[in-house]
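A.B. asks: Sequence:
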Amino acid sequence: MLAIITMAFFMMRAAPGGPFDGERKLPPATEAAVAAKFGFDKPLHEQYLNYVGGVLTGDFGPSYKTLGKSVNDLIADGLPLSLSIGILAMVLGITVGTFLGVFAGLRQNTAADYSVMGIAMAGISIPTFVTGPILILIFALGAGIFAVGGLGTYPNIGMSWHNMTLPVITLALPQIAIISRLMRASIIETMRSNHIRTARSKGLSERQVIARHALPAALLPLISYAGPAMARVMTGSVVIEKIFGLPGLGSYFVDGALNRDYTLVMGAIIVYAGFIVILNLIADILYAMLDPKVKYD
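Just add 623 to the spot in the sequence shown (first one is 1) and you have my numbering.
A couple of the hints might just be wrong.
Claimed, not checked - Here are the computed lysine-lysine pairs in the DSS-like style, where the Cα-Cα straight-line distance is at most 27 Å: (1) K865 <-> K692; (2) K865 <-> K688; (3) K865 <-> K825; (4) K688 <-> K660; (5) K688 <-> K665; (6) K665 <-> K692.
Claimed, not checked - What follows is a set of in silico ranges between Cβ atoms, one per label pair, in the way DEER data are often shown: (7) N817 <-> L625: 43 to 49 Å; (8) Q731 <-> P839: 17 to 23 Å; (9) V753 <-> G662: 39 to 45 Å; (10) L625 <-> L706: 20 to 26 Å; (11) V771 <-> G691: 28 to 34 Å; (12) M912 <-> A766: 41 to 47 Å; (13) N732 <-> R830: 19 to 25 Å; (14) R820 <-> G767: 50 to 56 Å; (15) L904 <-> M630: 17 to 23 Å; (16) D682 <-> R830: 17 to 23 Å; (17) G765 <-> A734: 28 to 34 Å; (18) D700 <-> S748: 32 to 38 Å.
By construction, these hints were calculated from the structure, which means they are not laboratory data.
Every residue, glycine too, gets a C-beta built ideally from N, C-alpha and C.
Could you build the full structure based on these sequences and the hints that come with them?
C.D. replies: Here you go:
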């Protein structure tokens, strides 16, 4: 985390422009006053140490572009929406992807297998910034079932199925495709293993063999994938939030980068990096708990 904070801090400061640059240059006295207020008049290494000291106490600093709000306030506003989209998309991706992957794997080299894998390849190949507008055209502008974007209008502002369904589906489609391919390969390999032959030799039905012995073993690669995937889904919501006009952390991150709002960008990076570290750790722990062959010293 310290390495990420350090690299992001100095890369942001090395980028051209600044948070207070505009079409008209500020008078020297005003520019000096602004620099003194936000600490830009201090050496860069001192600015870095002050920032890290604030982060260690949970203070991400003020937003340079959103007057009257700190970065903590903006993260508190945008993170719940980003988390909601990410978690719902991941649950949908795991559920549908696992079902399709197991369905295809148990019917290897049949028309059903080829159909599922063909759809999965299309889902992997088409980026979300293409599928998102297509879904808007079909289901929002065409059928009028879902909202085009945003969180509604006053007084009916909030997260509902009407405005959340299309973003969640758009974000989940690549995960469904990837997980279905992963589960297909895993279930095929598992069904050929020795412990499955042993289970069949004991007289268990095929359904019992699959449910009690094949699926738990086949799910291990999915657990390894799910932790980093959840972090990718969180960061992938940046594009989705801009397409659907949702005020999540991803939108704040993009706006902060365009406006050179250093502290806002840094805050978003720290949150995303923290999720990646924590989710990877959880995936490693779960893998070790579910697979007795895995030992961590």
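A.B. asks: Starting from the hint list further up, note which numbers the structure goes against and sort them upward.
C.D. replies: The structure conflicts with hints 3, 16, although it agrees with all the remaining ones.
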